[in-house]
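Construct all of the structure, not just a fragment, from the sequences and the given hints.
Chains as they are written, first to last, in our numbering: chain A, 1 to 89; chain B, 1 to 616.
Rather than coming from a laboratory, the hints here were simulated on the basis of the structure.
This one's a predicted model, so the numbers in the text were calculated from it and none came from an experiment.
Just to be clear, a hint being listed does not mean it is correct.
[Stated by the list, open to error] Calculated pairs, BS3-like style, for lysine-lysine (alpha carbon to alpha carbon, straight line, at most 25 Å): (1) Lys-70(A) to Lys-236(B); (2) Lys-153(B) to Lys-298(B); (3) Lys-18(A) to Lys-271(B).
[Said to hold, decoys possible] With the C-beta cut set under 10 Å, the calculated list includes, among others, these residues of chain A facing chain B: (4) Gly-16; (5) Val-63; (6) Asp-66; (7) Ile-86.
Glycine included, C-beta positions come from ideal geometry on N, C-alpha and C.
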Amino acid sequence: MRLLIRYFQPYDQLVGLKEESLDVPDDATTRDLLRILVNRHPRLADYISFDSDEKQMRRLVVVQRDEFLKLEDRLAEDEVLILYPISGG
Amino acid sequence: MFKGGYKGKILFVDLSKKEAKVHELSEEEAYKYIGGSGLGALYLNRLSGPETDPLGSDNPLIFMTGPLTGTKVPLSGRHQVITRSPLTGILGEADAGGYWGAMLKRAGFDGVIVAGASEKPVYLWVHDGSVEIRDASHIWGLDTYEADEAIRKETDSKMVAACIGPAGEKRVLIAGIMHDGRDARAAARCGVGAVMGSKSLKAIAVYGEEPISVADEDGLNKSLKEMGPIIVKEGKGLGKYGTAGAIVTIEKVGDLPVKNWVEGKFEGVEKISGQKMVESILTGRFYCASCLVGCGRKVRVASGRYAPVDGAGPEYESLAMLGALNLVDNLEALAKATELCNRYGLDTISTGAVIGFAIEAFERGLLTEEDTNGVKLKWGDPDIVIRLVEEIGEAKGLGRLLGLGVKRISEKLGGLACELAIHVKGLEFPAHDPRAYNSLGLAYATSNRGACHLQGFTHVFERSLTMPDLGFDEVQDRFGIEGKGELVAKLQDLMCLYDSLKICKFTLFAGVKLRHILQWFNLVTGWGVDLVHFMKTGERIFNLKRMYNVRMGISRKDDTLPPRILTLKRGVGGAADNLPPLNYMLADYYRYRGWDEFGIPTVEKLEELGLTKEFQ
Numbered sequence: 001m002r003l004l005i006r007y008f009q010p011y012d013q014l015v016g017l018k019e020e021s022l023d024v025p026d027d028a029t030t031r032d033l034l035r036i037l038v039n040r041h042p043r044l045a046d047y048i049s050f051d052s053d054e055k056q057m058r059r060l061v062v063v064q065r066d067e068f069l070k071l072e073d074r075l076a077e078d079e080v081l082i083l084y085p086i087s088g089g
Numbered sequence: 001m002f003k004g005g006y007k008g009k010i011l012f013v014d015l016s017k018k019e020a021k022v023h024e025l026s027e028e029e030a031y032k033y034i035g036g037s038g039l040g041a042l043y044l045n046r047l048s049g050p051e052t053d054p055l056g057s058d059n060p061l062i063f064m065t066g067p068l069t070g071t072k073v074p075l076s077g078r079h080q081v082i083t084r085s086p087l088t089g090i091l092g093e094a095d096a097g098g099y100w101g102a103m104l105k106r107a108g109f110d111g112v113i114v115a116g117a118s119e120k121p122v123y124l125w126v127h128d129g130s131v132e133i134r135d136a137s138h139i140w141g142l143d144t145y146e147a148d149e150a151i152r153k154e155t156d157s158k159m160v161a162a163c164i165g166p167a168g169e170k171r172v173l174i175a176g177i178m179h180d181g182r183d184a185r186a187a188a189r190c191g192v193g194a195v196m197g198s199k200s201l202k203a204i205a206v207y208g209e210e211p212i213s214v215a216d217e218d219g220l221n222k223s224l225k226e227m228g229p230i231i232v233k234e235g236k237g238l239g240k241y242g243t244a245g246a247i248v249t250i251e252k253v254g255d256l257p258v259k260n261w262v263e264g265k266f267e268g269v270e271k272i273s274g275q276k277m278v279e280s281i282l283t284g285r286f287y288c289a290s291c292l293v294g295c296g297r298k299v300r301v302a303s304g305r306y307a308p309v310d311g312a313g314p315e316y317e318s319l320a321m322l323g324a325l326n327l328v329d330n331l332e333a334l335a336k337a338t339e340l341c342n343r344y345g346l347d348t349i350s351t352g353a354v355i356g357f358a359i360e361a362f363e364r365g366l367l368t369e370e371d372t373n374g375v376k377l378k379w380g381d382p383d384i385v386i387r388l389v390e391e392i393g394e395a396k397g398l399g400r401l402l403g404l405g406v407k408r409i410s411e412k413l414g415g416l417a418c419e420l421a422i423h424v425k426g427l428e429f430p431a432h433d434p435r436a437y438n439s440l441g442l443a444y445a446t447s448n449r450g451a452c453h454l455q456g457f458t459h460v461f462e463r464s465l466t467m468p469d470l471g472f473d474e475v476q477d478r479f480g481i482e483g484k485g486e487l488v489a490k491l492q493d494l495m496c497l498y499d500s501l502k503i504c505k506f507t508l509f510a511g512v513k514l515r516h517i518l519q520w521f522n523l524v525t526g527w528g529v530d531l532v533h534f535m536k537t538g539e540r541i542f543n544l545k546r547m548y549n550v551r552m553g554i555s556r557k558d559d560t561l562p563p564r565i566l567t568l569k570r571g572v573g574g575a576a577d578n579l580p581p582l583n584y585m586l587a588d589y590y591r592y593r594g595w596d597e598f599g600i601p602t603v604e605k606l607e608e609l610g611l612t613k614e615f616q
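Structural data, given as structure tokens:
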């Protein structure tokens with residue numbers, strides 16, 4: 001399936017793109033997508049840390065259809081937002 | 001005898017009698033209520049009641065540190081200010097970072113309780129275990145940056161001051177207390193600055209060099225050696241971009257307040273982000289005592305329409321409430337408006353809220369050019385925001401009305417004005433929308449100081465954080481309904497602990513788990529508290545504050561949200577059609593809390609928590 005990946009501050013600057021389309025397997029999960037993104041944009045690797053203890057992502061969040069995605073969530077064929085994690089405030 | 005974490009002394013100053021005494025801190029009470037918010041609420045409950053005039057000499061103004069304040073424990077440079085709020089009429093509290101709390105302990109005290117009122121302006125000079133009540137006539141009227149410099153010259157170059165500006169002096173009900181001069185750490189909420197002004201107390205300057213003991217220094221060092229690098233690593237983004245680093249995300253998920261809470265998207269959001277600040281006006285970072293993150297902003301605007309600005313930069317809340325709420329996307333103008341709030345000593349959250357209220361009220365004909373001295377209030381105009389900040393800070397023109405807060409303004413204007421007033425129990429909403437996170441709706445409705453995201457901090461567990469120690473193994477569903485009562489109650493209890501220990505809630509974003517907090521608490525105090533006991537203490541503190549509010553007349557009728565939040569679907573953005581299902585969640589919450597149908601803790605609950613004695 002095809003996903004429209006939209007990057008927001010500061011990731012847009014990091015990868016040099018505001019958005020891109022990507023083909024991923026139909027059963028791809030958030031974790032799969034993040035692996036693909038790191039392969040395409042190695043500078044993202046520093047921002048993707050998997051907390052094995054708590055299954056959470058601290059340095060970026062992935063949102064699709066207004067839902068915060070967990071690592072094991074299956075993706076839908078739709079737009080995916082790559083956002084800075086909410087911290088503070 | 002305290003083994004660590006406490007000085008064991010509370011400074012009690014009666015400004016009417018011009019006398020000061022030192023009270024011994026009871027170890028039994030410290031064990032039950034910890035410090036900060038907990039001990040502060042205990043003292044407030046004993047020293048005030050329904051008959052207390054919030055702006056009268058009988059209202060105590062309480063500054064409390066916690067056992068972690070001033071120690072090496074990371075992000076523990078915080079203290080609490082507690083009083084009966086003149087804005088809400090109920091328990092009022094605000095907390096601040098910076099260096100004041102740590103310095104107070106080095107001066108020999110865990111807290112300062114100010115009673116009475118002085119006939120003429122004074123400031124307190126607390127140093128090396130003693131206090132002087134000094135004349136402040138010559139600094140009355142100065143803004144907080146100027147007053148800080150003036151007091152420094154008269155005391156010690158290393159002193160730290162808690163200080164009010166002209167807004168507090170004029171008893172503006174949304175005035176706060178500022179700390180650390182130009183670095184402007186604010187105990188902003190609930191009108192605590194107006195209470196200080198009502199006592200003619202300009203500042204409390206503190207300095208000392210006493211060590212702060214820790215029961216198990218080696219154990220603490222060992223733990224910090226392990227955790228320090230993790231905190232530095234995980235807190236890197238927050239340090240780099242500040243709290244406003246996430247404003248774009250917040251807008252995308254429908255959490256940002258836009259146009260007085262009517263709209264769900266804000267096109268100009270990227271222009272006022274933390275990332276944009278780094279590229280433009282940021283000059284440095286501010287670290288509170290013991291902080292390893294440094295989320296505080298230092299900014300400079302050297303030229304242009306909004307120059308000069310030089311000092312603390314805007315936090316997320318300030319950018320959202322002064323900016324997005326009013327459709328203003330000019331970062332330099334918002335830095336200016338923030339600096340003005342800091343200098344006047346105003347809460348940027350409530351200030352932004354009353355401005356948004358005023359613009360909408362003007363648009364709807366509830367305010368006219370007669371009220372605004374001929375100025376046409378309109379959305380998206382940074383100069384209007386700055387002008388109104390100045391009028392509020394100086395309590396002149398329309399500012400006299402706006403300084404009363406949205407609840408009172410709407411009552412004065414009557415008619416539909418109450419529909420535009422976004423508050424709970426008289427405290428203006430902070431910059432997170434309960435339509436984006438259901439738990440926030442319940443947390444705002446039941447927070448003990450009125451609408452507050454920090455006293456539950458629940459929304460962060462509905463987007464990216466988990467808390468296995470409390471049974472929340474997965475990120476919670478932000479639009480879900482089930483289980484919100486338990487989620488909110490447990491997290492409110494936990495946040496009572498953070499506010500009493502005085503440790504920054506941003507530790508949650510830096511890899512610090514509940515087990516670390518508990519470990520540090522035990523290593524500092526020498527007490528062997530387990531998790532169950534710890535959480536019960538948090539519950540005790542929350543119920544103590546609730547019971548104080550019950551004494552002030554609070555019950556179920558007050559645990560609600562504004563009609564706009566309950567019924568207006570914004571139609572666009574990341575939470576376009578969600579509305580918080582408050583009634584269902586509230587029933588769930590009361591049941592979990594063990595409160596009766598009126599939202600009042602039962603006799604059995606008070607007994608279970610050891611609170612009966614305080615409310616006989």
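Now for the hints, and whether the structure bears them out:
no., hint, in the structure
1, Lys-70(A) to Lys-236(B), "holds (22 Å)"
2, Lys-153(B) to Lys-298(B), "holds (23 Å)"
3, Lys-18(A) to Lys-271(B), "holds (16 Å)"
4, Gly-16, "violated (15 Å)"
5, Val-63, "holds (6 Å)"
6, Asp-66, "holds (5 Å)"
7, Ile-86, "holds (4 Å)"
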